[in-house]
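Enquirer: Using the sequences plus the hints, can you model the full thing?
As you go down the protein sequences, you meet chains A and B in turn.
Going by this note's numbering, the final residue of the first sequence carries number 344, and the count climbs one at a time with no gaps.
Going by this note's numbering, the final residue of the second sequence carries number 344, and the count climbs one at a time with no gaps.
Worth double-checking, as some hints may not be accurate.
Heads up, the list lumps identical chains together, so a pair's fine if it works in one copy or across two of them.
[To be verified] Below, a list of computed lysine-lysine pairs in the DSS-like style, where the Cα atoms sit at most 27 Å apart: (1) Lys-231 / Lys-318; (2) Lys-310 / Lys-285; (3) Lys-67 / Lys-206; (4) Lys-123 / Lys-177; (5) Lys-231 / Lys-271.
Hints listed in this document are in silico derivations from the structure and should not be mistaken for laboratory results.
Keep in mind the model is a prediction, meaning the values are calculated, not measured.
Protein chains: 2
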Amino acid sequence: MTHHQVASTQAGTAEKILTGDRPTGQLHLGHFVGSLQQRVQLQHRYEQTILVADLQGLTDNGHRPNKVAENILNVVADYLAVGIDPLKTRICLQSAIPALAELAMYYANLVTVARLQRNPTVKNEIAGKGFGASIPAGFLTYPISQAADITAFKATLVPVGDDQLPMLEQTNEIVRKLNQIAGQEILVECKPLLSNMPRLPAPDGKQKMSKSMGNCIYLDSDDRAIARAVKSMYTDPNHLRVDDPGCVAGNVVFTYLDAFHPDPGYVAELKQQYEAGGLADGTTKQILTDCLQTLIAPIRAQRAVYMADKAQLVAILKQGSEQAQEEADAVLTQIKRAFGLKLF
Amino acid sequence: MTHHQVASTQAGTAEKILTGDRPTGQLHLGHFVGSLQQRVQLQHRYEQTILVADLQGLTDNGHRPNKVAENILNVVADYLAVGIDPLKTRICLQSAIPALAELAMYYANLVTVARLQRNPTVKNEIAGKGFGASIPAGFLTYPISQAADITAFKATLVPVGDDQLPMLEQTNEIVRKLNQIAGQEILVECKPLLSNMPRLPAPDGKQKMSKSMGNCIYLDSDDRAIARAVKSMYTDPNHLRVDDPGCVAGNVVFTYLDAFHPDPGYVAELKQQYEAGGLADGTTKQILTDCLQTLIAPIRAQRAVYMADKAQLVAILKQGSEQAQEEADAVLTQIKRAFGLKLF
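Expert: Below you can see the structure in the form of structure tokens.
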């Protein structure tokens, strides 16, 4: 059911994975197909750390910290509900790991302002967010903080979309500069773990599914909300009568069936029938609704159980963060020693 | 002997002072007259924290951390040698206080890149350092880090020269924004404690005394080095014969006598005599040499004692830093609580 390409690594090599989310909303089907499923798989093969990046969430929510704070446990519950196992995957909270902020202070001296401004990912995001001339310093510099997150755990594999590749280049530049100054290989370069799954479109087919658009199917959406979202999906506007031949490309219902239906052979048959004419949009939408309701029902149920015990969620996050701090602090100590700054 | 104006504060008010130095070299007579003497006085009246700002030192020495590392204990020894008392003044090391880096992460979201670029102090420094287009991100953002340093200790008075006033404005902007978002007065605004002592010129009279110019009289300079520096001092180029009237303004020897001679009445007499004619530069230079040698001899001796016991210097810095971390972490915790981010 997963469509991810896992980087070909030899069995037995100790790849370490760093991934995470900004807790600025609940996770949705876009995350499920884009990253969560992959993480559930990866945790069996690799040492995986998932960072709930609340400080990064603040970089464009500096004036509304509650938006970030409120979603931290939501995101942890989402992780657990889809099957991420805190015994296999370390789940930790960025703001609870002081060594990450400290590492970022050192790295900030190795990156020029011009280099940050040239970073294509940051450039696009700045344009998209409409900051105008009011770009928060924390936003411009978040690639430095992200480099701290990645290197603190000596991550070698970072799951990203191709739009995020410049972030990893930036990280590896810092790695090389710092190692050169330190005169030893303290930090480890990372490689991208590219997804070959295209971004899940929103039901209207126009943009990617996004929390801010209000068009998401969440991991706890109920059957009615799922049915409503599927009903609103963009299909083929020229497919006016059932008997007309329909177009599958750009038809959001089929994009979702490709992404979520457990039986690709059956989806292929449906496509053939749709293209030949004689398959109603109402029928394909019903099939998708059934499929998504079946997928989400157990996740929603699990999620409710986890959300009913927030103390447990906090305990998981606390334990993960303490381990993470220990590991990150060891890297920081190595850097301080190499720089001659570890006096006590 | 001090020429500093201590802000008029009511006796009994709990003013807190934050001050410090970038440890990029030994301290010299410019520091002595510009800040060290003042600190020795202030420690009897106020709660004073002196931060050895090694991380700030790295913002323009990112590629040569040893320059910073090597000078940390030098600076602490300088402090102790002039009479700063670690029982009265808390001396701490910036890199040993993780909460400072964490606070800076939060503050960075409340300051725009444009605002940092407009900061006159930073603008002048960037021009002076010849970074060209290669301004390290850590350098552009150091006012944010400095705001963290000041606010972490709830400092209300910050001794500065007037060129540093924009830094305090920047800090107070952050204070107001953060308090507004938090909905409570967590951070405290600071006031400048302006020195009315003009900057001590270098012996050549052309610029301020500066470590990088190689024209400093250090707090451990020996008698010969002092005599040599005084001998090289710029006087009145038109004062060719002893009997000629001389000019006191711009005459570095008199500037130093004003700054360091314990008897202002005697210096006034010398000036009169010099202006009338009949006082040789050799004589004024000898008087200044004697004065500076007398001033520095006990400091140099004390400094040697402290430098001979580096373990003690480290212990002082460690204790101060631990206290500072406790205090800074309390402020950080207040912010996290107000933002809803203190989950554990």
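Enquirer: If a hint holds in the structure, say so; if it does not, say that too.
Expert: Outcome of the hint check:
Proximity of Lys-231 and Lys-318 under a CA criterion of 27 Å is satisfied in neither setting, with 41 Å inside one chain copy and 65 Å between copies. Taking the shortest Cα distances, Lys-310 and Lys-285 never come within 27 Å of each other, neither inside one copy (36 Å) nor across copies (76 Å). Taking the shortest alpha-carbon separations for Lys-67 and Lys-206, only the intra-copy value of 26 Å comes in at or below 27 Å, while the best inter-copy value is 55 Å. Taking the shortest alpha-carbon separations for Lys-123 and Lys-177, both the intra-copy value of 23 Å and the inter-copy value of 26 Å come in at or below 27 Å.
Taking the shortest alpha-carbon separations for Lys-231 and Lys-271, only the intra-copy value of 18 Å comes in at or below 27 Å, while the best inter-copy value is 94 Å.
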